[in-house]
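Asks: Count the sequence shown with mature numbering (1 follows the signal peptide of the UniProt record, and there is no 0) and you get residues -23 to -1, 1 to 302, in order.
Among the clues, some could well be false.
[Claimed, not checked] For each label pair, taking beta carbons as the anchor points, the in silico distance ranges come out as:
1. Gly195 - Gly19: 15 to 23 Å
2. Glu253 - Pro9: 26 to 34 Å
3. Pro62 - Ser112: 35 to 43 Å
4. Leu257 - Arg131: 32 to 40 Å
[Claimed, not checked] Calculated cross-link-like contacts (lysine to aspartate or glutamate; reagent style DMTMM-like; alpha-carbon spacing at most 25 Å):
5. Lys153 - Asp278
6. Lys153 - Asp213
7. Lys153 - Asp286
Note that these hints are calculated values from the structure, not bench results.
Beta carbons are placed, not taken as given, at the ideal position from N, Cα and C, and that holds for glycine.
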Amino acid sequence: MRRWLLALVMGALSATLSPGGVAAQASYPDRPIRVIEPLAAGSAVDVVVRIVADRMGDLLGQRLLIENQTGASGMIGMRAGARAPADGYTLLAVNDAVLTMLPNLNAQAGYDPLRDFAPVGQIVRIRWALVAHPSAPARDVAGLIAAARAQPGRIDYASGGAGSPQHIAMEMFLQKAGVRMNHISYRGATPALTAVTAGEVPYGFFGLPTPNSFVRDGQLRVLGTAGPARIDAFPDAPTIAEAGVPGFAFFTWGAFLAPAGTPPAVVARLNAALRETLALPAVRERLEGLGYEVVGNAPEDFAAGLARDHAAMADLIRAAGIRME
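Based on the provided sequences and hints, a complete structural model is requested.
Replies: In structure tokens, the structure reads:
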């Protein structure tokens, strides 16, 4: 009996003092939180995360320190996040491409999107637009389709890398339209957008709001948007579906993850801070004004949706015949 009581006391003490124990979780966080972002600075998710991180940090009482770790279409940053300690002091800020698209395109991605991470919460849904440099010959969606049909595989478009959402969006569009274009790959969405605004590459698909200021300044032209309805930011731009590609729609999302094994109480604390941040009128209005759709769901809802999106993207990639280059 004495040995049993001693074991019971020691077990309870160990659970309380362990990194995932009650005492550790009660004081969480007690130092800054590192946020690995496998995406380029200035990308659609990066803009969101920098808006949200400041207010989340205020609520948590610790700074969220963002690190953009780009390369290999996001695989470098995702691998680093998957291998990070599961103590709540490393998060990942991601788009759905690195969770649903890239792993379905590359069997050597080096991480499992459904097993290596603990979903914290989705932040926003991201709307998309097909844009062109002002010097590009096509003035609208129909004109681009006609040009691509006349010159199959000879008209360039830019993306943030093989398997990136810019790549997937354009390949989906080309499959629907029944034409081919030439993929020019860059290291991230921001360099790809820079190439289009500079006229190095005439066309590209990008998540809002990254191209917004360039459109307002006349450095880019919106050919069409990729949602089911027109976007307030570009009321004169038709949807791609109404412009000649019936049924076409594309959107992505941004979210926070933690490494698998992060204590549930820590995940719950992070999720509560995220949802409280997104409920702030100033934050919501700023995000919506940039063209985002605010989400802020629970970890279990995010996990269920991620599993569905991963399976659906596998089917889409297989049906469309999209390949890594």
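Asks: Does each hint hold? Answer for all of them.
Replies: The hints, checked one at a time:
no. : hint                        : verdict
1   : Gly195 - Gly19: 15 to 23 Å  : holds, 19 Å
2   : Glu253 - Pro9: 26 to 34 Å   : violated, 19 Å
3   : Pro62 - Ser112: 35 to 43 Å  : violated, 50 Å
4   : Leu257 - Arg131: 32 to 40 Å : violated, 49 Å
5   : Lys153 - Asp278             : violated, 31 Å
6   : Lys153 - Asp213             : holds, 23 Å
7   : Lys153 - Asp286             : holds, 20 Å
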